[in-house]
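Asker: Take a look at the letters that make up each chain.
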Amino acid sequence: MWVRPNAKPKAPSDDTGRKAVASAAKAGVRWLVRAVLVAADITAPEIVAALEISELLAEAALPYIQAYFDPPQSLADLNAAANDPQTGYDIHHIVEQATAAADGSEDDAMRSPDNLVRIPTLKHWELNAWYARSNAAYGNLSPREYLIGKSWDERRLVGLDGLQEIGVLNGN
Amino acid sequence: MAINPTMTTAGLLALFRANCLAQDETYISGNTKKYNKIFSVNVDIVKELASRPGDGRRALLPLLNDENPHVRLQAAKFAYPVAPSECRACLEAIRAAKLPDQSLDAGMTLRGLDRDPRCLDGT
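If you read the protein sequences in the order shown, they are chains A and B.
Taking my numbering, the leading residue of the first sequence gets 6, the next gets one more, and so forth.
Taking my numbering, the leading residue of the second sequence gets 7, the next gets one more, and so forth.
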């Protein structure tokens, strides 16, 4: 989304408009990260300053992009950070809420500090998208569909694998 | 979508690659519904290839060198049962490249293969 400096965009008044703006902003930030990683092959947040983006978007996007380049941390540190929400980060459930037992028997475990980690928002989007996309390695289902009904341990293993593969959790 | 069995292997490959490129666009748009719809078509393409004499999935192997990482990723996953060594090498290269989205998928696939070497045999 390109916005002239000093131009103050008005917030859309209806839900559809707000969703459209949110979707455009999300796509814009994802595009920026991709451009930085793929085209420039530079893995430092300072590159953001060189991008010709509007002051407004840069200011809004910078915390998200800086967070994206955080080094991997221990699970204990990620768990502890879940108690300290920050702009640029989301609280993520290691065992996905979408796979919770329908009878509510896993609700306490889902909410337990052991299952919560603070991770960069953009990586959260990336993980969520991976869980939602059909995948040949999961019987042509999405991992989320595949994991419904599987044991807690199996779902947690996939959750921890994902955090390692995405560069959030130490151990890869 | 039923795949026309009279399509040539080259035609199927071209369609598979075009579909992968369309899927790649959805990484930016976040349109998962479109991604999954295209995925189903590619599953049908690969099933048609697999049914051809000599297992036509080997025809996917040139796509392991495609310029687009999503094309490489999908080709490696679908051709894995017929060429595991080449496809594993491709997946490892994509994982090492640390690309948004595709490296996560490649890495998770490799972890899946380490635990269940037949996890990509489902097509």
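Simulated from the structure, these hints should not be mistaken for laboratory data.
Cβ atoms here follow ideal geometry from the backbone N, Cα and C, with glycine treated the same way.
Be aware that one or more of the hints could be misleading.
[Stated by the list, open to error] Dumping the calculated BS3-like pairs for lysine-lysine here, alpha-carbon to alpha-carbon at most 27 angstroms:
{"hint": "1", "chain 1": "B", "residue 1": "K104", "chain 2": "B", "residue 2": "K40"}
{"hint": "2", "chain 1": "B", "residue 1": "K53", "chain 2": "B", "residue 2": "K39"}
{"hint": "3", "chain 1": "B", "residue 1": "K53", "chain 2": "B", "residue 2": "K40"}
{"hint": "4", "chain 1": "B", "residue 1": "K39", "chain 2": "A", "residue 2": "K155"}
{"hint": "5", "chain 1": "A", "residue 1": "K155", "chain 2": "B", "residue 2": "K43"}
{"hint": "6", "chain 1": "B", "residue 1": "K43", "chain 2": "B", "residue 2": "K53"}
[Stated by the list, open to error] Negatives, chain A to chain B, calculated, CB over 10 angstroms:
{"hint": "7", "residue": "D108"}
{"hint": "8", "residue": "A137"}
{"hint": "9", "residue": "S139"}
{"hint": "10", "residue": "Y143"}
[Claimed, not checked] Covered stretches of chain A, as calculated for chain B (at least 3 residues, CB under 8 angstroms):
{"hint": "11", "segment": "88–98"}
{"hint": "12", "segment": "125–136"}
Asker: Now tell me if each hint is right for this structure.
Answerer: Each hint, compared with the structure:
| no. | hint | verdict |
| --- | --- | --- |
| 1 | K104/B / K40/B | holds, 24 angstroms |
| 2 | K53/B / K39/B | holds, 21 angstroms |
| 3 | K53/B / K40/B | holds, 20 angstroms |
| 4 | K39/B / K155/A | holds, 24 angstroms |
| 5 | K155/A / K43/B | holds, 25 angstroms |
| 6 | K43/B / K53/B | holds, 16 angstroms |
| 7 | D108 | holds, 27 angstroms |
| 8 | A137 | violated, 5 angstroms |
| 9 | S139 | violated, 4 angstroms |
| 10 | Y143 | violated, 8 angstroms |
| 11 | 88–98 | violated (count 0) |
| 12 | 125–136 | holds (count 5) |
Figure legend: structure checked against the earlier numbered hints; hints not met, in rising order: 8, 9, 10, 11.
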